[in-house]
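Trainee: From first to last, the protein sequence lines are chains S and Z.
Numbered according to this note's numbering, the first sequence spans residues 107 to 332.
Numbered according to this note's numbering, the second sequence spans residues 6 to 268.
Bear in mind the hints are in silico, worked out from the structure with no lab data behind them.
In this text the structure is predicted, and so the values were computed from the model without any measurement.
A virtual CB, placed ideally from N, CA and C, is assigned to each residue, including glycine.
Some hints here could point you the wrong way.
[Stated by the list, open to error] No farther apart than 27 angstroms at their CA atoms in a straight line, the calculated lysine-lysine pairs in the DSS-like style are these: (1) Lys160/S x Lys18/Z; (2) Lys198/S x Lys73/Z; (3) Lys73/Z x Lys168/S; (4) Lys168/S x Lys235/S; (5) Lys151/Z x Lys18/Z; (6) Lys285/S x Lys18/Z; (7) Lys195/Z x Lys160/S; (8) Lys73/Z x Lys18/Z; (9) Lys327/S x Lys198/S; (10) Lys24/Z x Lys285/S; (11) Lys235/S x Lys134/Z; (12) Lys160/S x Lys261/S; (13) Lys164/S x Lys195/Z; (14) Lys73/Z x Lys134/Z.
[What the hints assert, rightly or not] Covered stretches of chain S (chain Z as the covering partner; in silico rule of three or more C-beta atoms under 8 angstroms from a C-beta of chain Z): (15) 170-181; (16) 187-193; (17) 221-230.
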Amino acid sequence: MISYGQHQFPGKLFVVEGTDGSGKSTQLALLYQWLKSEGYPVFFSEWNSSPLVKDTTKRAKKRHLFTPATFSMLHATDFADRTERDILPPLKAGAIVLADRYIYTAFARDVARGCDRSWVRDVYSFAVKPTVAFFFRAPLNVAIDRIVSGRPNLKYYEAGLDLGWSDDAEESFTIFQGKILDEYDRMVSEFGLTVIDASRSIERQQREMRMLIAPHLDRKKAGRAR
Amino acid sequence: MQFYGTPLPGVEKEVYPGKLIVIEGTDGVGRSTHTALLRTWLEARGHAVLDTGMTRSILAARGIKEAKTGTTLGRVTMQLFYATDFIDRLENEMLPALRAGFVVLTDRYIYSAIARAEVRGIDSAWIRKIYGMALVPDAVFYLRIKTAQQLVERLLSSGRGFDYWESGMDLHLGEDLYDSFIEYQSRLLKVFDRLTGEYGFQVLNASRSVRTVAADLRHAVTRVLDEPAPTAEDNLSVIKSRRDQNGAKPTTNLVDLNKKALP
Numbered sequence: 107m108i109s110y111g112q113h114q115f116p117g118k119l120f121v122v123e124g125t126d127g128s129g130k131s132t133q134l135a136l137l138y139q140w141l142k143s144e145g146y147p148v149f150f151s152e153w154n155s156s157p158l159v160k161d162t163t164k165r166a167k168k169r170h171l172f173t174p175a176t177f178s179m180l181h182a183t184d185f186a187d188r189t190e191r192d193i194l195p196p197l198k199a200g201a202i203v204l205a206d207r208y209i210y211t212a213f214a215r216d217v218a219r220g221c222d223r224s225w226v227r228d229v230y231s232f233a234v235k236p237t238v239a240f241f242f243r244a245p246l247n248v249a250i251d252r253i254v255s256g257r258p259n260l261k262y263y264e265a266g267l268d269l270g271w272s273d274d275a276e277e278s279f280t281i282f283q284g285k286i287l288d289e290y291d292r293m294v295s296e297f298g299l300t301v302i303d304a305s306r307s308i309e310r311q312q313r314e315m316r317m318l319i320a321p322h323l324d325r326k327k328a329g330r331a332r
Numbered sequence: 006m007q008f009y010g011t012p013l014p015g016v017e018k019e020v021y022p023g024k025l026i027v028i029e030g031t032d033g034v035g036r037s038t039h040t041a042l043l044r045t046w047l048e049a050r051g052h053a054v055l056d057t058g059m060t061r062s063i064l065a066a067r068g069i070k071e072a073k074t075g076t077t078l079g080r081v082t083m084q085l086f087y088a089t090d091f092i093d094r095l096e097n098e099m100l101p102a103l104r105a106g107f108v109v110l111t112d113r114y115i116y117s118a119i120a121r122a123e124v125r126g127i128d129s130a131w132i133r134k135i136y137g138m139a140l141v142p143d144a145v146f147y148l149r150i151k152t153a154q155q156l157v158e159r160l161l162s163s164g165r166g167f168d169y170w171e172s173g174m175d176l177h178l179g180e181d182l183y184d185s186f187i188e189y190q191s192r193l194l195k196v197f198d199r200l201t202g203e204y205g206f207q208v209l210n211a212s213r214s215v216r217t218v219a220a221d222l223r224h225a226v227t228r229v230l231d232e233p234a235p236t237a238e239d240n241l242s243v244i245k246s247r248r249d250q251n252g253a254k255p256t257t258n259l260v261d262l263n264k265k266a267l268p
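Produce the entire structure from the sequences given, and follow the hints as far as they go.
Mentor: Written out as structure tokens, the structure reads:
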């Protein structure tokens, strides 16, 4: 078992992070299209996507079975499956792996939900350190507007309704997202996250992303997967 | 209340009236038999008992079972899935019962999980940090058997046969289930011996008859509960009552036990 920062792989791992509604998934999709069109072997992996854990998470959310500790632990299980299945093998094979949300999502969310900061970091110490981790930083009100206006009903855990901050879903969600944003902010220097100002235009953010990952790309690999 | 490491989130340190008693041991050593016997005996003595065991959580039991039927369960994923199951039972079963004054009997605890992780090459400091959320039990009784060969005899005579995971087939240690089982269980036994000192297990020689081991366990449990030691009649009455409860289907162990107990 190799720890965070100790893996040596020919592949590259780029991850996007940020609060809900920060536009990170849109940016990652654009990056994916670009890298594919350049002919790089690209593999995409997203949060909460383990086929082994999916049903358990779904059932637990529906039946409100989670506590902060089990919420954290089951998401770590999901992430471990993603790592062992979708991240390690392609990186070993020299591919580019793009991850929509990574360990920093767990660090922000679980700590906001009351878990111990260093305990959560220890749990995820098996994770591969990304080549670049982008943090799409949107002002809190922008992110909240994007989510609340796009969705009539906030989900129970999404709004943090199990944490007893407020019975009102929107108010609880706002408190929760504020805590999450605080955690992200403190991780910028701790993990060297690359901050992207998510309030600017989509095109400008994408240009910046491409510029920042270009030095990490091996031009020899381009064109092979075309 | 004491935790091994970082406590569970949101749990205040408190003194609870219950007792947490762990029965540990490798596969096929008789843990479930002894847990069942102990439960009946404790109930007869007027204790409310909660019994629990690995992969019995409402949250994760089904998922783990399904994951184990396939071939894609990775080593790290497996440890975390087990930890999810453990924490769910700790928070939703064990802690509430301890607060309510129950004797909580658990068939395996974190030590089996740690042993299984270690024989799979998982970082031992990492797995211990994860299980730092566990409560330090009032007692851990380790049912010890010397060799994996002895386990095989028990396994075959019970009619259970070899299981893929109990044989450590995911580790590719041998040509077939038998070879793999011997190697895997031998490694587990070594780890358990190491954990005995680390976690202060009370070791019981499980190669002896069920009756002898059960009597030893009862004596040891009375010490944990700070109660007078059981008498011979006490043991006998429990066995009888258990047989009555079971009606027409007493298990082999219980029949055997009963015969030996009668004058």
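Trainee: So, for every hint listed, does it hold in this structure?
Mentor: Structure-based check of each hint:
1. Lys160/S x Lys18/Z: Outside the cut-off at roughly 34 angstroms; violated.
2. Lys198/S x Lys73/Z: Judged against 27 angstroms, a Cα distance of about 26 angstroms means the pair holds.
3. Lys73/Z x Lys168/S: 24 angstroms, holds
4. Lys168/S x Lys235/S: Judged against 27 angstroms, a Cα distance of about 33 angstroms means the pair is violated.
5. Lys151/Z x Lys18/Z: 39 angstroms, violated
6. Lys285/S x Lys18/Z: This hinted pair holds, its Cα atoms lying about 25 angstroms apart.
7. Lys195/Z x Lys160/S: Roughly 36 angstroms separates the two Cα atoms, so the pair is violated.
8. Lys73/Z x Lys18/Z: 36 angstroms, violated
9. Lys327/S x Lys198/S: Holds: Lys327/S and Lys198/S sit about 14 angstroms apart, inside 27 angstroms.
10. Lys24/Z x Lys285/S: At roughly 38 angstroms apart (the allowed maximum being 27 angstroms), Lys285/S and Lys24/Z break the hint.
11. Lys235/S x Lys134/Z: Roughly 20 angstroms between the alpha carbons, so the hint for Lys235/S and Lys134/Z holds.
12. Lys160/S x Lys261/S: This hinted pair holds, its Cα atoms lying about 17 angstroms apart.
13. Lys164/S x Lys195/Z: 39 angstroms, violated
14. Lys73/Z x Lys134/Z: 24 angstroms, holds
15. 170-181: Answer holds; 8 residues pass the 8 angstroms Cβ test.
16. 187-193: holds (count 4)
17. 221-230: Coverage by chain Z holds for the segment 221-230 of chain S (6 residues, Cβ < 8 angstroms).
Violated hints, in rising order: 1, 4, 5, 7, 8, 10, 13; the structure is consistent with all others.
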